[in-house]
Amino acid sequence: MSVLICGSFAFDNIMVFPDKFKNHILPDKVHMLNVAFLVPELRREFGGCAGNIAYNLKLLGDNPVPMGTVGTDFTPYAEWMDAKNINREHVHVKQGHYTAQAFITTDKDDNQITAFHPGAMNLAHETLISEAKDIKLAIIAPDGRDGMIQHAEQLKSAGIPFIFDPGQGLPMFNGDELMAFAEQASYIALNDYEAQLFMDRTGLPEEEIARHVEALIITRGAEGSYIYTEGKRIDIACQKAAQVVDPTGC
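In case it helps, my numbering puts the sequence shown at residues 286 to 535.
Calculated directly from the structure, the hints in this document are not laboratory data. Hints may contain errors.
[Stated by the list, open to error] Straight-line C-alpha distance at most 27 Å; calculated DSSO-like pairs for lysine-lysine: (1) Lys393 with Lys517; (2) Lys369 with Lys307; (3) Lys441 with Lys369; (4) Lys343 with Lys393; (5) Lys418 with Lys379; (6) Lys525 with Lys343; (7) Lys307 with Lys379; (8) Lys441 with Lys517; (9) Lys343 with Lys441.
Construct the complete structure from the given sequences, taking the supplied hints into account.
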């Protein structure tokens, strides 16, 4: 099945600080914060929500069709996608821009400090859903704000069911905008923090939000997840990880 994935592509620069941030920040000096962390470990990963989702869908045997905007530095990522046989027909290079970049530093307590440069991602609205053909399902993942709004409208107009998965992009939208997504989407996927923010901004409880979609999925980390569908709540236990290696994710 061809699944259209509207979302970001990014280079994730992941660093490990072999100490605790709190040991290097003076609480009474936070108003004039000026710190530097020596990070002996650094790795650069191909990330971004569209890239991550496409890769995992490919592993499951589906046909992901990612759509996004990237910069002129995208070449190594493009070569990796080609090697994995991931379609990049609708991944558009924008001249004069960098691909989105995340710089993530994790300490020994799994605390993180992240800087994010959106780069070409902010031009996501320049891509059109109509470019992609024979799409059966779509997902709107974190991307440029205008792109997320326009792609939802275009998918609804085209009659293509889609999952609204705003992730870390959710705070960009007010209550009316979030309700517009709920009325257009077939499914909504949130973690527990995002679900609370969604409720705060719309003024609606989970059960009421769920009435607008075929399914509302809420994940709760180690506590598992639950799904509202057909007027019922289905609780799903969590599969315990043998080892948690790195908290960094999509």
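To see whether the hints hold, each was checked on the structure:
no.	hint	in the structure
1	Lys393 with Lys517	violated, 41 Å
2	Lys369 with Lys307	violated, 41 Å
3	Lys441 with Lys369	violated, 31 Å
4	Lys343 with Lys393	violated, 33 Å
5	Lys418 with Lys379	holds, 22 Å
6	Lys525 with Lys343	holds, 24 Å
7	Lys307 with Lys379	violated, 40 Å
8	Lys441 with Lys517	holds, 25 Å
9	Lys343 with Lys441	holds, 25 Å
The earlier numbered hints that this structure contradicts are 1, 2, 3, 4 and 7.
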